[in-house]
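Visitor: Here are the chains, one letter per residue:
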Amino acid sequence: MKYVDEFRDGALAAKLAGAIAREADPGRNYAFMEFCGGHTHAISRYGVTDLLPANVRMIHGPGCPVCVLPIGRIDMAIRLALSRPDITICTYGDCLRVPASDGLSLLKAKARGADIRMVYSAADALALAQKMPEREVVFFAIGFETTTPPTALVLRQAQALQLANFSVLCNHVLTPSAILTILESPEVRELGTVPLDGFIGPAHVSTIIGSRPYAFFAEEYRKPVVIAGFEPLDVMQAIRMLIRQVNEGRAEVENEFTRAVTEDGNLKAQALVSEVFELRRSFEWRGLREVPYSALRIRAPFAAWDAETKFGLEFVSVPDNRACECGAILRGVKTPTDCKLFGTVCTPENPMGSCMVSSEGACAAHYNYGRFRDVPVVAGTTR
Amino acid sequence: MSLPSPVKKGYVRPLDLKHGRVDMGHGAGGRAMAQLISELFAASFANEHLERGDDAAVLPAPAPGERLVVATDAHVVSPLFFPGGDIGCLSVHGTINDLAVMGARPLYLAASFILEEGFPLAVLARIVQSMAHAAREAGVPVVTGDTKVVEQGKGDGVFITTTGVGALPAGREIGGANARPGDAILVSGTLGDHGMAIMAQRESLAFDSEIASDTAALHGLVAAMLDAVPTIRVLRDPTRGGLATTLNEIATQSGVGMELDEASIPVQPQVAAACELLGLDPLYVANEGKLIAICPADAADRLLAAMRAHPLGERAARIGTVTADPNAFVQIRTAFGGRRMVDWLSGEQLPRIC
Numbered sequence: 000m001k002y003v004d005e006f007r008d009g010a011l012a013a014k015l016a017g018a019i020a021r022e023a024d025p026g027r028n029y030a031f032m033e034f035c036g037g038h039t040h041a042i043s044r045y046g047v048t049d050l051l052p053a054n055v056r057m058i059h060g061p062g063c064p065v066c067v068l069p070i071g072r073i074d075m076a077i078r079l080a081l082s083r084p085d086i087t088i089c090t091y092g093d094c095l096r097v098p099a100s101d102g103l104s105l106l107k108a109k110a111r112g113a114d115i116r117m118v119y120s121a122a123d124a125l126a127l128a129q130k131m132p133e134r135e136v137v138f139f140a141i142g143f144e145t146t147t148p149p150t151a152l153v154l155r156q157a158q159a160l161q162l163a164n165f166s167v168l169c170n171h172v173l174t175p176s177a178i179l180t181i182l183e184s185p186e187v188r189e190l191g192t193v194p195l196d197g198f199i200g201p202a203h204v205s206t207i208i209g210s211r212p213y214a215f216f217a218e219e220y221r222k223p224v225v226i227a228g229f230e231p232l233d234v235m236q237a238i239r240m241l242i243r244q245v246n247e248g249r250a251e252v253e254n255e256f257t258r259a260v261t262e263d264g265n266l267k268a269q270a271l272v273s274e275v276f277e278l279r280r281s282f283e284w285r286g287l288r289e290v291p292y293s294a295l296r297i298r299a300p301f302a303a304w305d306a307e308t309k310f311g312l313e314f315v316s317v318p319d320n321r322a323c324e325c326g327a328i329l330r331g332v333k334t335p336t337d338c339k340l341f342g343t344v345c346t347p348e349n350p351m352g353s354c355m356v357s358s359e360g361a362c363a364a365h366y367n368y369g370r371f372r373d374v375p376v377v378a379g380t381t382r
Numbered sequence: 000m001s002l003p004s005p006v007k008k009g010y011v012r013p014l015d016l017k018h019g020r021v022d023m024g025h026g027a028g029g030r031a032m033a034q035l036i037s038e039l040f041a042a043s044f045a046n047e048h049l050e051r052g053d054d055a056a057v058l059p060a061p062a063p064g065e066r067l068v069v070a071t072d073a074h075v076v077s078p079l080f081f082p083g084g085d086i087g088c089l090s091v092h093g094t095i096n097d098l099a100v101m102g103a104r105p106l107y108l109a110a111s112f113i114l115e116e117g118f119p120l121a122v123l124a125r126i127v128q129s130m131a132h133a134a135r136e137a138g139v140p141v142v143t144g145d146t147k148v149v150e151q152g153k154g155d156g157v158f159i160t161t162t163g164v165g166a167l168p169a170g171r172e173i174g175g176a177n178a179r180p181g182d183a184i185l186v187s188g189t190l191g192d193h194g195m196a197i198m199a200q201r202e203s204l205a206f207d208s209e210i211a212s213d214t215a216a217l218h219g220l221v222a223a224m225l226d227a228v229p230t231i232r233v234l235r236d237p238t239r240g241g242l243a244t245t246l247n248e249i250a251t252q253s254g255v256g257m258e259l260d261e262a263s264i265p266v267q268p269q270v271a272a273a274c275e276l277l278g279l280d281p282l283y284v285a286n287e288g289k290l291i292a293i294c295p296a297d298a299a300d301r302l303l304a305a306m307r308a309h310p311l312g313e314r315a316a317r318i319g320t321v322t323a324d325p326n327a328f329v330q331i332r333t334a335f336g337g338r339r340m341v342d343w344l345s346g347e348q349l350p351r352i353c
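First to last, the sequence lines map onto chains X and C.
Residues in the first sequence are numbered consecutively from 0, following numbering that gives the first Met the number 0.
Residues in the second sequence are numbered consecutively from 0, following numbering that gives the first Met the number 0.
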């Protein structure tokens, strides 16, 4: 694949690995958090950790939109779909499997007769509403800043068309507030028990919001941020840039992903989002609990297309399993194997906590891709 | 099939294969069903066993020392027609391949159809003709069958179940439990073609692609492979769940591990690109005309040459090695230079969001 394979080149990776090994100071440890699930996926999928020196540790952050979606929000969609046979719920593929209350998920609700459909874009959901005027189509919108502008666009289109059988159940969340929560967590801020030397900043999110919003973290918390693309060479290069900043005592926002990210981001998309959405005072994140000003809701002029208003939906918070360590794992305090549930009652087939839900989550990534590292190597291979 | 038909030629209007539709009568056991069977199924599959019109086919016993192998496969694909094939030829290939990968010589097929009321007879005829063509090409006749009709809304057009019978020569032992540490792992060609051809056709995907299904009967390829290397230990067709799932099945059955080399696994660029776009992994995407072979390492080159000499194995490749590992982990050395597991598929493969 042109323009993709170039960023997955094994020979270049080996060179970059050599450079990282040379530049990393053997006298200290480095701990970096990749915020985004896309980076977590790239690191696990391509085996990036194998190319890093032992004193460079990656902490998988909370940037997996499916993982941080609280059970109560999915319950809202499931209850709506099961109680109203005239309603069709559309959402992105990953979302269908997220476990909710009563042993249900959207996929299982579908098996009980609810009309749940997978779409590839918000526009597909709108088109479905136009195609089925006799049904109520609800788009269950999730994701960070990347998927927010398309949702804003369909809301504006629905308003322009005065499309009465379409609405959006909005769960869009904001990256900077989540990073702030991690930096403000007592382990990082006060106790200093979690060494966190810097962040790999989001790829796709940053194409929308630009690199500027991260400046605060670099300045206020003295943490370097390097924005990086989702390809494995991007990740390696970002790690090298972070190591340099740490070594030189700098804490700046740097941009490795210059082929897509500018300082300002996509101003048109930002304007569109602020026209349609406003901040929620607080929103629950799986693993991080209530995070102030961390999510968006639909503005009043679009209330007719806001499923929460239209169907009078109430959010009821549902606590995670008490033994679940997702919160600590997302803050970098613990690793998946520290959790008693990992790989026993909590597996990708039957996830208990948020980090096991999507392949981008820290636990699922380790279970699916890295579990062999937990057992001693038994016998040599023949090659 | 219940023949002889009570229908007499000359005073019954023939089946309207242009505009007609399946109705409940076509499954009711009466004249309409007899007509459907004789004018469509028996006429298309055309062989002496069907023509006899008895309730079952009477077949000769295999050669002395040979054993019977039986496999069955239900087909529920949507859409019914896709680039490279349709549910008809797929239902023939699928069952033949299940026999072939046991090392058996496929002999006969039985076919049962569940039709939905209202299904156009013209479409059914296209499917049956495609089946008949595939069966003729493979030299494996459809010798008996059954038809049922369900009410509208209770089926998805047509479901086809085929059952195959094959003969396994004495002394040939091929099975998923036979892989041993040190063995070589080979695939017969590019992976993920069928699954992506289907996915690209589904209405929700608006991209044009030239990806065609690889659906094919593999018994000819298998015969050539066994001629070259009679010591093949495992053969399996990586259908649903793709290469990754099939290798995990074999690893578990044999109690061994596997180590794959990502760079050597053949995937067509357009399949790789479509997977990339949808956030899918081609290692988990279905194939319908590919097989995995595991053989002793010293026979691997000979086997690879035999596969590449066959039209269905031109892009065959050696992709890895069986290892000793009681955890039965399938691992892969990535082209990027790292290492990871290739795990069982959990649930259905769903596109990622970011």
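The set of hints was computed from the structure by calculation and includes no laboratory data.
Remember, predicted model here, so these are calculated numbers, not experimental data.
Note that CB positions come from ideal geometry on N, CA and C, so glycine has one too.
Please note that the accuracy of each hint is not assured.
[What the hints assert, rightly or not] Below, simulated DSSO-like cross-link-like pairs (lysine-lysine); rule was C-alpha separation at most 30 Å, straight line:
#	chain 1	residue 1	chain 2	residue 2
1	C	Lys17	C	Lys153
2	X	Lys107	C	Lys17
3	X	Lys339	X	Lys309
4	C	Lys147	X	Lys109
[Said to hold, decoys possible] Just the calculated beta-carbon pair ranges, DEER-fashion:
#	chain 1	residue 1	chain 2	residue 2	range
5	X	Asp101	C	Ala262	54 to 60 Å
6	C	Arg171	X	Leu81	50 to 56 Å
7	X	Ala302	C	Pro119	43 to 49 Å
8	C	Ser77	X	Ser82	51 to 57 Å
9	C	Gly117	X	Asp101	50 to 56 Å
10	X	Val3	C	Ala55	34 to 40 Å
11	X	Pro25	C	Glu275	47 to 53 Å
12	C	Pro59	X	Asp85	43 to 49 Å
13	C	Gly181	X	Gly102	41 to 47 Å
Visitor: Each of the hints needs a verdict: does it hold here or not?
Guide: These are the hints, each one checked on the structure:
no., hint, result
1, C:Lys17 with C:Lys153, "holds, 24 Å"
2, X:Lys107 with C:Lys17, "violated, 41 Å"
3, X:Lys339 with X:Lys309, "violated, 42 Å"
4, C:Lys147 with X:Lys109, "holds, 27 Å"
5, X:Asp101 with C:Ala262: 54 to 60 Å, "violated, 46 Å"
6, C:Arg171 with X:Leu81: 50 to 56 Å, "holds, 53 Å"
7, X:Ala302 with C:Pro119: 43 to 49 Å, "holds, 46 Å"
8, C:Ser77 with X:Ser82: 51 to 57 Å, "violated, 29 Å"
9, C:Gly117 with X:Asp101: 50 to 56 Å, "violated, 37 Å"
10, X:Val3 with C:Ala55: 34 to 40 Å, "violated, 55 Å"
11, X:Pro25 with C:Glu275: 47 to 53 Å, "violated, 38 Å"
12, C:Pro59 with X:Asp85: 43 to 49 Å, "violated, 60 Å"
13, C:Gly181 with X:Gly102: 41 to 47 Å, "holds, 45 Å"
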